[in-house]
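J.: Sequence:
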Amino acid sequence: MTSPESRTTWLKSGSLVAVYFIFIAFSPTQTLLGRLLPRTWQSGFALNASLYAIPIILMLVFFGRENLGNFRIFRDRPWQKLGQIGLSLVLLLLGNLISGLLVGKQSANQTGVDNATTTTALWAAILLFVILGPLLEETIFRKILLTKLATVIPRWLAIGVSCLGFLLIHVNAPQDFVAYAPLAIIFTGIYLWCGENIAFSWTVHMLNNLVGVLVAFSWL
58 MTSPESRTTW LKSGSLVAVY FIFIAFSPTQ TLLGRLLPRT WQSGFALNAS
108 LYAIPIILML VFFGRENLGN FRIFRDRPWQ KLGQIGLSLV LLLLGNLISG
158 LLVGKQSANQ TGVDNATTTT ALWAAILLFV ILGPLLEETI FRKILLTKLA
208 TVIPRWLAIG VSCLGFLLIH VNAPQDFVAY APLAIIFTGI YLWCGENIAF
258 SWTVHMLNNL VGVLVAFSWL
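Each residue of the sequence shown is one higher than the one before, starting from 58 at the first, in the numbering used here.
Please keep in mind that the hints were generated in silico from the structure rather than gathered at the bench.
Model, not experiment: these values are computed from the prediction.
There may be inaccurate statements among the hints.
Mimicking SDA-like on lysine to any residue, the simulated pairs with C-alpha atoms at most 25 Å apart in a straight line are [claimed, not checked]:
# : residue 1 : residue 2
1 : Lys-205   : Val-74
2 : Lys-138   : Gly-252
3 : Lys-205   : Cys-251
Working from the sequences, and respecting the hints, build out all of it.
T.: Here it is, written out as structure tokens:
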């Protein structure tokens, strides 16, 4: 275990995790928000953006400066770090290829992203699904549920909570377990490999999602 976090940090972390799961994983919240939104917003990108808005705002307020500071690590030996990211992308590609062969069809979560992109511009899809969404998830599943949680529970258990939490939040159909297991393992692995720095795992996560969004738009 590492040094304990302050009470303020735990309050911020707990609030962000709670709000994230209430808006993203709790079906009644999604149903209620859908009823409150204008009819034209009740499906596709607008609904996704509305659900993510409050968690993203809290993440930027509570951890924005801390997350931004993580990117200073690229100032030292940037080529070595780019090599680590490149190797992670190769592993991610292999993992996605193997899971794709095993599943034989697109994950339900990716189908949802495809449907959402049909109702918005490319820049908006990139902002939500490529930049802010992954930053929110890395903050929650790596920074909070791994690094910060490891200050109060065994490290191996925090790693398991991080991987399992990330996997379950993306499961909308049975095939999603196979499709997202490589992502959960690789994102967590690079986070640990690179000194628990969110800049690395976010970069790989971002590039992975960028490919998914560009593929979705290429079919429009």
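J.: Would you mind marking each hint as holding or not holding in the structure?
T.: Checked hints:
For the given pair, Lys-205 sits about 12 Å from Val-74 by alpha-carbon distance, which is consistent with the 25 Å threshold. In summary, the hint linking Lys-138 to Gly-252 is supported, as the alpha carbons are separated by about 11 Å, within the 25 Å threshold. For the proposed pair Lys-205 and Cys-251, the alpha carbon gap of about 16 Å is at most 25 Å, so the pair holds.
Comparing the model with each numbered hint stated earlier shows that all of them hold.
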